[in-house]
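There are 2 protein chains.
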Amino acid sequence: MEKVNLADKFSRIFEHWSPKIVAELDDYEVKLAKVEGEFVWHEHRDVDELFLIIDGELVIEMRDGAVTLGRGEMYVVPKGVEHKPSAAAECKILLLERKGTVNTGTAESDLTVAEPERI
Amino acid sequence: MEKVNLADKFSRIFEHWSPKIVAELDDYEVKLAKVEGEFVWHEHRDVDELFLIIDGELVIEMRDGAVTLGRGEMYVVPKGVEHKPSAAAECKILLLERKGTVNTGTAESDLTVAEPERI
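In order, the protein sequences belong to chains P and C. Every number in the working numbering is 23 more than the matching position in the first sequence, counting from 1. Every number in the working numbering is 23 more than the matching position in the second sequence, counting from 1.
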């Protein structure tokens with residue numbers, strides 16, 4: 024494989040809330056996304072989801088509280104935990120999750136990306 | 024879980040080539056390590072291994088070539104591929120691999136850390 028330069032990959036992402044696959048590891052995928060504004064409440068029933076903030080600030084609301092993540096901070100939303108990410112300004116995030124994980128989980132939304140592009 | 028601040032975690036790592044577990048995702052672990060100098064040739068027979076450079080420069084030699092990774096660059100060494108990481112100066116890396124993956128793979132070495140600490 025080629026090495027992955029995160030800045031280069033982010034320069035090729037133009038939409039918000041549309042994760043792009045940049046690497047694969049066993050049965051998992053590393054995705055990058057630019058996000059801004061509010062996402063939808065959703066959960067992933069069978070898989071944990073890792074968020075690493077590359078730039079900006081992301082808030083992850085959960086039913087029992089919220090975490091605010093800045094650059095260089097990471098959080099794992101456990102399987103089955105409802106969450107709603109949001110970002111007041113554009114934020115660049117790295118996601119790690121099992122292949123086939125859909126961004127909106129079990130929620131139906133216009134923001135659903137059923138088959139993320141590989142860049 | 025608590026959020027993980029990478030800079031805070033790195034400030035608690037004092038040895039080289041001794042990965043520390045900082046997060047778990049399903050059956051996988053996120054580890055941080057400070058590295059400097061040469062590691063040993065080794066392979067992981069059944070698992071891919073992801074390297075993300077947080078600071079510094081890491082060279083990963085493989086039998087058919089090498090990749091040089093700078094800050095914000097990522098590489099996945101596929102299962103079964105022999106590799107030898109090295110860093111001319113101290114480098115901070117994030118590793119992602121399946122639980123139980125030993126840092127020196129199938130190689131025997133003084134650098135083997137059979138049970139990485141969680142920080």
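Among these hints, one or two may not hold up.
No copy is singled out in the list; a pair is fine if it fits within one copy or between any two copies.
Below are the SDA-like pairs computed for lysine to any residue, each with C-alpha atoms no more than 20 Å apart in a straight line [as the list claims (entries may be wrong)]:
no. : residue 1 : residue 2
1   : Lys122    : Tyr98
2   : Lys32     : Glu131
3   : Lys26     : Asp87
4   : Lys107    : Ala30
5   : Lys102    : Phe37
6   : Lys32     : Thr129
7   : Lys32     : Lys107
8   : Lys107    : Glu25
9   : Lys122    : Ile44
10  : Lys32     : Val104
11  : Lys32     : Gly95
12  : Lys107    : Gly88
13  : Lys122    : Asp31
14  : Lys26     : Asp50
Bear in mind the hints are in silico, worked out from the structure with no lab data behind them. Keep in mind it's a predicted model, so treat the numbers as computed, not measured.
Right, here's what the structure says about each hint:
For the homomeric pair Lys122 and Tyr98, the shortest alpha-carbon distances inside one copy (19 Å) and between copies (18 Å) are both at most 20 Å. With identical chains, the CA atoms of Lys32 and Glu131 are never at most 20 Å apart, being 28 Å at best within one copy and 37 Å at best between copies. Taking the shortest alpha-carbon separations for Lys26 and Asp87, only the inter-copy value of 15 Å comes in at or below 20 Å, while the best intra-copy value is 39 Å. In this assembly of identical chains, Lys107 and Ala30 lie within 20 Å of each other by CA distance neither inside one copy nor across copies; the values are 25 Å within and 26 Å between.
Taking identical chains as interchangeable, the C-alpha atoms of Lys102 and Phe37 are never at most 20 Å apart, the minima being 29 Å within one chain and 33 Å between chains. Taking identical chains as interchangeable, the C-alpha atoms of Lys32 and Thr129 are never at most 20 Å apart, the minima being 28 Å within one chain and 34 Å between chains. Proximity of Lys32 to Lys107 under the C-alpha cut-off of 20 Å is found in neither arrangement, the shortest distances being 25 Å within a copy and 26 Å between copies. For the identical chains of this complex, Lys107 and Glu25 are inter-copy neighbours only, at 17 Å across copies versus 33 Å inside a copy, given an alpha-carbon limit of 20 Å.
Taking identical chains as interchangeable, the C-alpha atoms of Lys122 and Ile44 lie at most 20 Å apart only when both belong to the same chain, with a minimum of 10 Å there against 23 Å between chains. Taking CA atoms no more than 20 Å apart as the test, Lys32 paired with Val104 passes in neither setting, with 29 Å inside one copy and 25 Å between copies. When the C-alpha separation of Lys32 and Gly95 is checked against a cutoff of 20 Å, the pair qualifies both within a copy, at 18 Å, and between copies, at 11 Å. Only within a single protomer do Lys107 and Gly88 lie at most 20 Å apart by alpha-carbon distance; the minimum there is 11 Å, versus 43 Å between protomers.
Within a single copy, Lys122 and Asp31 get their C-alpha atoms no closer than 23 Å, and across copies no closer than 30 Å, so neither meets the 20 Å cut-off. With identical chains, the CA atoms of Lys26 and Asp50 are at most 20 Å apart within one copy only, with a shortest distance of 19 Å there and 25 Å across copies.
Hint check: violations occur at hints 2, 4, 5, 6, 7, 10, 13; the rest are consistent with the structure.
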